[in-house]
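Guided by the hints, dock chain B onto chain A, whose structure is given.
Listed in order, the protein sequences are those of chains A and B. One point on numbering: in UniProt numbering, the residue at position 334 of the first sequence is 334, and numbering is uninterrupted. One point on numbering: in UniProt numbering, the residue at position 221 of the second sequence is 221, and numbering is uninterrupted.
It should be emphasised that the hints constitute simulated quantities derived from the structure, not laboratory data. Check before you lean on any hint, since a few could be wrong.
Examples of chain B residues lying across from chain A (beta carbon under 10 Å, computed) [to be verified]:
1) Ala8
2) Glu9
3) Gly12
4) Val71
5) Val74
6) Val155
7) Ala293
8) Gly298
9) Arg330
Derived list of chain B stretches under chain A, where covered just means 3 residues or more per stretch with a C-beta under 8 Å from a C-beta of chain A [as the list claims (entries may be wrong)]:
10) 99 to 112
11) 169 to 178
12) 221 to 230
13) 239 to 249
14) 275 to 289
Backbone N, C-alpha and C fix where the C-beta goes; we use that ideal spot for every residue, glycine too.
Listed here are the chains, written in short residue letters.
There are 2 protein chains.
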Amino acid sequence: MSTTIAYAELVGLLEKIFLRHGTDRVVASILAENCAMCERDGAYSHGIFRMPGYVASLNTGWVDGRATPEVEDVAPSFCRVDARNGFAQAALARGRDLAISKSRQAGISVLAIRNSHHLSALWPDIEPFAREGLIAISAVNSFACTVPFDGKSAVFGTNPFAFAAPVENSEPMVFDLATSAMANGDVQIAARKGHTLPPDSGVDGDGKPTNDPRAVLDGGALLTFGGYKGSSISMMVELLGAALTGGHFSFEFDWSGHQGAQTPHTGQLIILIDPSYGAGEAFDRRAHGLITAMQAAGVSRLPGQRRAEIRAQTAQNGIPITEEDLASLRTLAIA
Amino acid sequence: MSTTIAYAELVGLLEKIFLRHGTDRVVASILAENCAMCERDGAYSHGIFRMPGYVASLNTGWVDGRATPEVEDVAPSFCRVDARNGFAQAALARGRDLAISKSRQAGISVLAIRNSHHLSALWPDIEPFAREGLIAISAVNSFACTVPFDGKSAVFGTNPFAFAAPVENSEPMVFDLATSAMANGDVQIAARKGHTLPPDSGVDGDGKPTNDPRAVLDGGALLTFGGYKGSSISMMVELLGAALTGGHFSFEFDWSGHQGAQTPHTGQLIILIDPSYGAGEAFDRRAHGLITAMQAAGVSRLPGQRRAEIRAQTAQNGIPITEEDLASLRTLAIA
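Excised from the complex, chain A in its bound form (with noise of 0.2 Å):
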């Protein structure tokens, strides 16, 4: 049974959710936020589907919902935030005013983030940059469940690479990729559902080839994305988002004593680039450019414009959910 759900209640009864689990009404707002833009605009692997795992890492002391985000600035362009063991969107949050400032300045600028917890999408993050008129580059690496290239056991988390940038007259240019063949969570999804995986998207405990989604998550790995290209890639990840933060590799940090946590306790890097500082003619104006030269070439879906579709459509007609899970969330409200 299907029903839909208006954004703004769904908000609110994830920020309950939240609550009730233990964070303070900054990060229950600032998360609850992020999980509701992810199903609203359909990028379902990191909507509501992660609720149970936010609560768990809430419940078993993993994350600390009421960290206190501490900024420090560093140097002209270069910001850090160490997040003390809370939410990596929180800690962003408290530096963002900081880094744009240091951007609008300087040019570019860093904003360096560590001790932190990130289990969302990477696009939520940076899109709001492209809306200020920024380029927004971000990593964030997770937990060890890819293999590197030519390697037989996980290293390397499912690391995303995303970024964003403003276009004229038009939706910012976003895209957020996972370097590993998938992303976890669309692998726990399609266990949930049964599905098998697309061709070259994990190993078993073996080390072999599998299709089979609950053989990648039971002792087997993810390969990553185009095979040593997206091994390089997702290696940058762990570089950036972990060694030049301050932050623990994928590899690093030991949650088995926090049974069913799952929010990487990594770092996760931005980088902020003022455009208006190239030459030529405006960013977003040579931005649309390129576009419109994509769309002459038969290319009928930019990044991020699936995501774009869905949220027009759930703006008018509500965020589809089932009945079931709208009781499972009101459950964790109250659980």
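Coordinates of chain B only, in the frame set by chain A:
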């Protein structure tokens, strides 16, 4: 018949060729070293194989081998170089000290090169930054030869994306990957040798998949690596390499009046990060830790390791070269 040539001797010979075909001494030295390094390290698609292309671009007046690049210091962390229709490597050489000093002072900096020609690999541009303790990222677009995912005709270039980082007690970690399924030089080499291409590399003039390198070069096009993900990264390279710098997109310049010219006239972006501003243990030590974990997981060949191995071999034994290639180079030096 094969012989060998010492690195310094090859540099000298290539310098003569560049000078003979109209570059000044600075440009001749920069490009000769760059090209000889590629040949020395086994990066054959960007080694002496490229010399006829350089010469044709110079002879037809498509590129200015005597251009004086102009450095523009536009913000505390943003510098630009107008290459004035010269080579990107000469523009980089002119701007690099300023970009390094900005990154050390501010934590991160941008060097945005426009109105420039780039026919080589990216790793020779960025490896030196890692040797100075900096993280470097670079992107350069090229000429329309790659079909965007879901498209029917070429819009993007081969659009390499490269990354370099310092590693404690070790060579820098450097990767440099074409976001097309293959580098153009490798397609040309396959065509010359009569080899077929791997699956999913390219399409023929009718947009149909082909493994014939001549069909790709003759009216066909390359595909991106890794499907829509590689295509997104290629799009990012266009936006960073051209829209941000003020250079041409890969589909924008018209070299039809310059028969044989092979140097794409676009732009190049370089981002430098000083990792000493990061929190926690030293970046290069952390990078070493990641590499150790990759090796423990069975990775026998790290990104860039093949180049390092061949470099060590050729340092001892000289650079292998056929008599025929050597004769061709000697002819180019006096022709």
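For the segment 221 to 230 of chain B, count the residues whose Cβ lies under 8 Å from any Cβ of chain A; is that count three or more?
Holds: 6 residues of the segment 221 to 230 of chain B have a Cβ under 8 Å from chain A.
With a C-beta cutoff of 8 Å, work out whether three or more residues of the segment 99 to 112 of chain B approach chain A closely enough for the coverage to hold.
holds (count 7)
Interface hint compliance - valine 155 of chain B to chain A, C-beta minimum distance less than 10 Å:
OK, holds: valine 155 of chain B within 10 Å of chain A, min 5 Å.
Close enough to count: is the Cβ of glycine 12 of chain B nearer than 10 Å to one in chain A?
Hint violated; glycine 12 of chain B Cβ to chain A Cβ min 34 Å, cut 10 Å.
Closer than 8 Å Cβ to Cβ for three or more residues is the test here. Does the segment 275 to 289 of chain B pass it with chain A?
The restraint on the segment 275 to 289 of chain B holds, since 10 of its residues have a Cβ under 8 Å from chain A and three suffice.
Hint validity - arginine 330 of chain B Cβ closer than 10 Å to any chain A Cβ:
violated, 37 Å
Would the hint on alanine 293 of chain B stand, with a C-beta cut-off of 10 Å toward chain A?
holds, 5 Å
Do three or more residues from the segment 169 to 178 of chain B put their C-beta atoms closer than 8 Å to C-beta atoms of chain A?
holds (count 3)
Taking 10 Å as the limit, does the beta-carbon of alanine 8 of chain B come near enough to a beta-carbon in chain A?
violated, 31 Å
With a Cβ-Cβ cutoff of 8 Å, does the segment 239 to 249 of chain B contain at least three residues near chain A?
With 9 residues in contact (Cβ-Cβ under 8 Å with chain A), the coverage given for the segment 239 to 249 of chain B holds.
Supplied contact hint for glycine 298 of chain B, tested at 10 Å Cβ to chain A
Given a least distance of 4 Å, the restraint on glycine 298 of chain B holds.
Restraint check, 10 Å cut-off on beta carbons, for valine 71 of chain B near chain A:
Violated, about 12 Å.
Comparing the model with each earlier hint shows violations of hints 1, 2, 3, 4 and 9; every other hint is respected.
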